[in-house]
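Residue numbers (numbering that gives the first Met the number 0), protein chains in the order written: chain F, 0 to 360; chain P, 0 to 118.
Please keep in mind that the hints were generated in silico from the structure rather than gathered at the bench.
Only a predicted model underlies this, so the values are computations on that prediction, with no experimental measurement involved.
Idealized CB from N, CA, C, for every residue including glycine.
There may be inaccurate statements among the hints.
Looking from chain P toward chain F, a few residues come up when the C-beta cut is under 10 Å (computed) [stated by the list, open to error]:
# : residue
1 : Lys7
2 : Val29
3 : Gly41
4 : Val45
5 : Tyr46
6 : Gly47
7 : Arg50
Here are the simulated EDC-like pairs of lysine to aspartate or glutamate, each with C-alpha atoms no more than 16 Å apart in a straight line [as the list claims (entries may be wrong)]:
#  : chain 1 : residue 1 : chain 2 : residue 2
8  : P       : Lys7      : F       : Glu63
9  : P       : Lys7      : F       : Glu60
10 : P       : Lys7      : F       : Glu59
Read off the chains here:
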Amino acid sequence: MTTLTADQDVVAFAGAVRAALTDLAPEEVDDLTDGLEADLHDRVQESGAASLGDPAAYAEELREAAGLPHRATRQRRSPLGAIRRLRADARADRQRLADTHPLLAELGRIVVALRPAWWVLRAVGVYGIVASVMHWWDYAVTLPRVLLLLALVVGSVALGLRDLRARPVARWLVVALNLITAVAGTVTVLSALHTADQATLTQQMYDETVFATEGVYVEGEPVSNLFVYGPDGELVDGARIVDEQGRPVRLDTADMLAEGFYWSPDGELRLPSDEVPGDDGWNVYPLDASANPEFDPYEEGIANAIRVPGAAPFPRLQPLVGVDTPEDEPAAADDTDTQGDRDRDADRDTTREPTRDAPSR
Amino acid sequence: MDTTQLLKGVLDVAVLAAIQRDDGYGYDVVRRLRSAGLNAVGDASVYGTLRRLYSAGALTSYVVPSDDGPHRKYYGITPQGRAMLEEQREDWRRFATTMTAMLAEHRDDNVKPMRKEAR
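Isolated chain P, as found in the complex (with noise of 0.2 Å):
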C-alpha cells in the first residue's frame, strides 16, 4: 500500500505529535518525522500542515530572527492542539484496531494471498 496516501490522512496528528514536547521550527519537525521512521513524508507537506494547524489554532507560532542565517518560524502546541492530539489519538487506536482485526480475518480465511504481504 502506498505509505504517502496513508500519511495524508494521518500528518495533522503526526505533526502535532512531534510537537507536542518541544517547539520545533519546519524542518526540525522534517527531521523528527523522520527520525521516527516516516522517511516518505516531505517537508512541503510538512510545512502546509503546519500553516493549517496554525490556521486551525492548533498551533502558536513565533519568528526567531539569526544574525548569521535566514530567520527561523518556531511552532508550538496549544492547549486546543493539545486537545486536537487527544481525540485524534484515540480516533486512530480505534481506526487501526479495526483495521488490523479487518486484515487479520482475511489471513484466517485461508484465502490464497495476491502476493507477499508485508506484516
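Extracted from the complex, chain F is given alone in its bound form (with noise of 0.2 Å):
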C-alpha cells in the first residue's frame, strides 16, 4: 500500500472519529484525539488500513475508557441540544466556507454591515402596517405621523442593538418581527407605489381628456359649423366668436385645424374664411363648405376649392322682441327659442326671399 493512500484512509477516520464527538467541549475532543493521526499512522503501517474499522465504534470505545458519557444519552437529553448543535456545525460549516472561498467571506461582511438598513426598514414597515390599519390612504405629511415614523425607527435600531444571544424567547419573537414586517412591508411599499403610479396615470388622462375638449359640444356631441343669426332674425355672415377671455372659439384644437381645412365629425369638409387679416379665420362662422363633396385637398390644394357656404338650419329666425324687422308679420310664438318654434318659423318663411341661397334644412 502507498504511503498516499494510507495517509487518506487515515485523515478520513480520524475526520470521521471527531465528527462522532461534536457533543463534546473542543477542547476535549482536542485532548481526545491529539496525537490520533499518528498512532493511527503506526497501526496502519503494521496492519494495513483494514485494521482501521469503524470510526464510531472507535469513538465509542475511546469515550468509554476516558471515562465519558456515550453520545447516545447525549442526543436524547433534548431537542434543543440537538438545535444547538446543529447551529454550532452550521457555524463551523460558515467558517470553513469563508476560508475557502473569500469571495462569500466578503459578501457575508456586507450583509452584516447593512443591518442598520434593514432596523431602518423594518421601521418603515411597521409604520407601513399601522398605516393600513389607521386608513391613512392619503400620504399627507402630519407632525404625528413624522413623530411616529422617528419613534419607529429609533425602537428599531434600538431593538438591533441589543444583544440577544443569551435569551432565546426574545430572539425567536425578534425573528418572527423581521418576518411579519418584511412581508408586510414590502405589500405595503408596493402599494404604495402602485398608488402613485395610478395617480400620474389618472393626472394624465385628466389632462388628455382636458385637452382633447377644445371643440364646441352641443348635447355631447361635437359640431361641424356655427350659425350666428342677428337680433332681426337674419343669418350672419362673417360672424367672429370669441369667448369672454377674447380666445377664438374654434371647433377643434389647433393642431388639428392648422392645416387649413377640416373633417368634420360628419365627414364634410370645412373651410376657414380666408378674408380674415392676421388670423387662420376658423372662428368666422358659418365656416365654408366644399361644392364638390369628393374634394381632396391633399391633392388639390385648398386654394382649388370652390366654395359654398355651409348649410344653415334655418334661413332666419324669429326677431327679437321689440326690434323693428323689414317685415311687418306678427310672430305668434314667444319669444324662448324652443327647436319646435325654430322649426315652425322655418316653415313659414319658406314664403319669403331668403336672404342667402342656403337649401333650408
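Taking the hints as your guide, dock the two standalone chains into a single complex.
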C-alpha cells in the first residue's frame, strides 16, 4: 500500500472519529484526539488500512475508556440541544466556507454591515402596517405621523443594537417580527408605489381629456359649424365668435386645424375664411364647405377648392322682441327659442325671399 | 472467560505499568501491552485510558512535533502515577491470589468440570 493512500485513510478515519465526538467541548475532543493521526498511521503501517475498522465504534471505545458518557444519552437529552449542535455545525461550516471562498466571506461582511439599513426598513414596514390599520390612505405629511415614524426608527435601531444571545425567547420574537414586517412592509411599499403610479396615470388621463375637449359640443356631440342669427332674425355671415377672454372659438384643437381644412365628425370638409386679416379665420362662422363632396385637399390643394357657404339649418329666426324688422309679420310664438318654434318659423318663412342661397333643412 | 472484560478492570494499572520505565506515545503503549501478551487490547481503549489517567494527574503529557508526519503526544508517569501504580499492584496481587485460591478449591472438590479450562 502506498503512503498516500494510507494517509488518506487515516485522515478520513480521524475526521469520522472527531465527527462522532461533536457533542463534547472542543478542548475535550482535542485532548482525546491529539496525536490520533500519528497513532493511526502507525497502526496502518503495521496492520494495513483494513485494521482501521469502524470510526464510530472507535469513538465509543475512546469515550468509555476516558470515562465520558456515551453520545446516545446526550442526544436524547433535548431537541434544543440538537438545535444547538446544528447551529454549531452551521457556524463551523460557515467558517470553513469563508476560509475557502474569500468572495463569499466578503459578501457575508457586506450583509452584516447592512443590518442597520434593515433596522430602518423594519421601522418603515411597521409604520406601513400602522398606516394601513389606521386608514391613512392619503400620503399627508403631518407632525404626529412624522413623530411616529421617527419613534419607530429609533426603537428599531435600539432593538437591533441589543445582544439577545442569552435570551432565546426574545430572539425568536424578534425573528418573527422581522419576518412579519418584511412581508407586510414589502406589500405596503408596493401598494403605495402602485397608488402613486395610478395617481400619475389618472392625472395624465385627465389632462389629455381636458385637452381633448377643445371644440364646441352641443348635447354631448361635437359640432361642425356654427350659425349666428342677428337680433332681426337674419343670419349673420362672417360672424367672429370669441369667448370672454377673447379667445377664438374653434371647432377643434389648433393642431387639427393647422392644415387649413378640417374634416368634421360627420365627414364634411370645412374650410376657414380666407378674409381675416392676421388670423387663420377658423372662428369666422359659418364655415365654408366644399362644393364638391369628393374634393380631396391633399391632392388638389385648398386654393383650388370651390367654396360654398355652410348649410344653415334655418334661413332666419324669429326676431327678438322689440326689434324692428323689414317685414311686418307679427309673430305669434313667444320668445323662448325652442326647436319647435324655430321649425315652425322656418316653415312659415319659405314664402319670403331668402337672404342667402341656402337650402333650408 | 472474556479477557476484554477482565482487561477493562485492569487497564489503568496495565497502562501505568507500561509507561513507568519510559515515556511513550499512544501507539507505543499499545505496542508494549501487546508484546507483553495482552493481544486483545483495543488502541482506542488505551488512548482513552491515557487521557483519563492524565486528567487524574497520574500522567504528564507533551507534544513532540515532527517535520515529516503528524505530531505525537507523549505521556510520562508522575509521582502521583507511581503511587497509584504501587497501590494498584498490591490490590491486584491480593485479588489474583484470592481468585486463584477460589478457583483451585473448585478443582479440588472433584466437581465435574463443565468444560475444559485453561490453566
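query: Would the pair P/Lys7 and F/Glu59 pass a check requiring their Cα atoms to be no farther apart than 16 Å?
result: Answer holds: P/Lys7 to F/Glu59 is near 14 Å, not above 16 Å.
Would the hint on P/Val45 be counted as holding, given a Cβ-Cβ threshold of 10 Å to chain F? holds (7 Å)
query: Quick one, is the P/Lys7 hint okay against chain F at 10 Å, beta carbons?
result: Given a least distance of 8 Å, the restraint on P/Lys7 holds.
Requested in this report: Tell me if P/Arg50 is really an interface residue toward chain F, meaning its C-beta lies closer than 10 Å to one of theirs.
Outcome: holds (4 Å)
**Asked** Within 16 Å, alpha carbon to alpha carbon, are P/Lys7 and F/Glu60?
**Response** holds (11 Å)
*When the least beta-carbon distance from P/Val29 to chain F is tested against 10 Å, hint result*: holds (8 Å)
Given P/Gly47 was flagged as interface, is its beta-carbon under 10 Å from a beta-carbon of chain F?
-> P/Gly47 check passes; min Cβ-Cβ to chain F is 2 Å, inside 10 Å.
Under 10 Å is the threshold here; is the Cβ of P/Gly41 close enough to any Cβ of chain F for the hint to stand? Hint holds; P/Gly41 Cβ to chain F Cβ min 6 Å, cut 10 Å.
Checklist entry - Does the alpha-carbon distance linking P/Lys7 and F/Glu63 stay inside the 16 Å limit? => result holds (10 Å)
Item checked: P/Tyr46 as chain F interface residue, shortest Cβ-Cβ below 10 Å -> holds (6 Å)
Of the hints listed earlier, there is not a single one the structure fails to meet.
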